[in-house]
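A.B. asks: Just so we're aligned: the sequence shown equals residues 2 to 145 in the working numbering.
It is possible that part of the hints are untrue.
As the list claims (entries may be wrong) - Derived Cβ-Cβ restraints for the label pairs, each shown as a range:
1) Arg111 x Gly75: 23 to 29 Å
2) Gly89 x Thr33: 17 to 23 Å
3) Arg71 x Lys26: 28 to 34 Å
4) Leu18 x Arg112: 18 to 24 Å
5) Met2 x Gly114: 34 to 40 Å
6) Glu115 x Val32: 33 to 39 Å
7) His11 x Gly114: 20 to 26 Å
Hints were generated in silico from the structure; no laboratory data involved.
Heads up, the beta-carbon is just placed ideally off N, CA and C, and yes, glycines get one too.
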Amino acid sequence: MAELSEDARHLLEEPNLASFVTLMKDGTPHVTPTWVDHDGTHVLINTVVGHQKALNVERNKHVAVMVMDRSNGGRYVQVRGRVVEIIGGQVAFDSIEKLSQKYRGASYPRREGEERLMLKILPEHITGQGGGRGRGGSRWGQAS
Numbered sequence: 002m003a004e005l006s007e008d009a010r011h012l013l014e015e016p017n018l019a020s021f022v023t024l025m026k027d028g029t030p031h032v033t034p035t036w037v038d039h040d041g042t043h044v045l046i047n048t049v050v051g052h053q054k055a056l057n058v059e060r061n062k063h064v065a066v067m068v069m070d071r072s073n074g075g076r077y078v079q080v081r082g083r084v085v086e087i088i089g090g091q092v093a094f095d096s097i098e099k100l101s102q103k104y105r106g107a108s109y110p111r112r113e114g115e116e117r118l119m120l121k122i123l124p125e126h127i128t129g130q131g132g133g134r135g136r137g138g139s140r141w142g143q144a145s
């Protein structure tokens with residue numbers, strides 16, 4: 002496990018879009034832009050039941066998330082890790098509501114019949130650039 006540094010947490014807390022990478026059945030990457038959050042330990046991604054990224058993580062838990070600062074493209078963090086928990090129900094809807102407030106400044110427009118999932122990603126390797134006191138993983142995450 003790798004711990005999220007203060008710089009990494011800060012990037013995850015800002016309304017920066019993430020690129021979320023999962024693996025297709027044939028092993029090729031599937032990349033989608035998505036909203037992102039964290040709980041101090043895990044990176045959190047929200048998705049819809051049946052969407053490709055949800056199907057992919059049910060089959061293969063290995064993922065990557067890259068968050069780039071929307072105002073400085075040279076500042077980013079990349080997290081490689083595993084989905085350790087997939088949570089549905091009210092927790093997932095609370096998560097998408099929080100993300101909607103963060104990214105849109107408004108409530109999430111729930112769709113009838115929509116089932117959401119929150120993916121908890123345990124970081125295994127963290128790298129980044131532009132975090133302040135140097136480059137590379139030392140400012141972005143520490144192995145524990």
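A.B. asks: None of the hints should be skipped; say for each whether it holds.
C.D. replies: Status of the hints after comparison with the structure:
| no. | hint | in the structure |
| --- | --- | --- |
| 1 | Arg111 x Gly75: 23 to 29 Å | violated (37 Å) |
| 2 | Gly89 x Thr33: 17 to 23 Å | holds (19 Å) |
| 3 | Arg71 x Lys26: 28 to 34 Å | holds (33 Å) |
| 4 | Leu18 x Arg112: 18 to 24 Å | holds (21 Å) |
| 5 | Met2 x Gly114: 34 to 40 Å | holds (37 Å) |
| 6 | Glu115 x Val32: 33 to 39 Å | violated (23 Å) |
| 7 | His11 x Gly114: 20 to 26 Å | violated (36 Å) |
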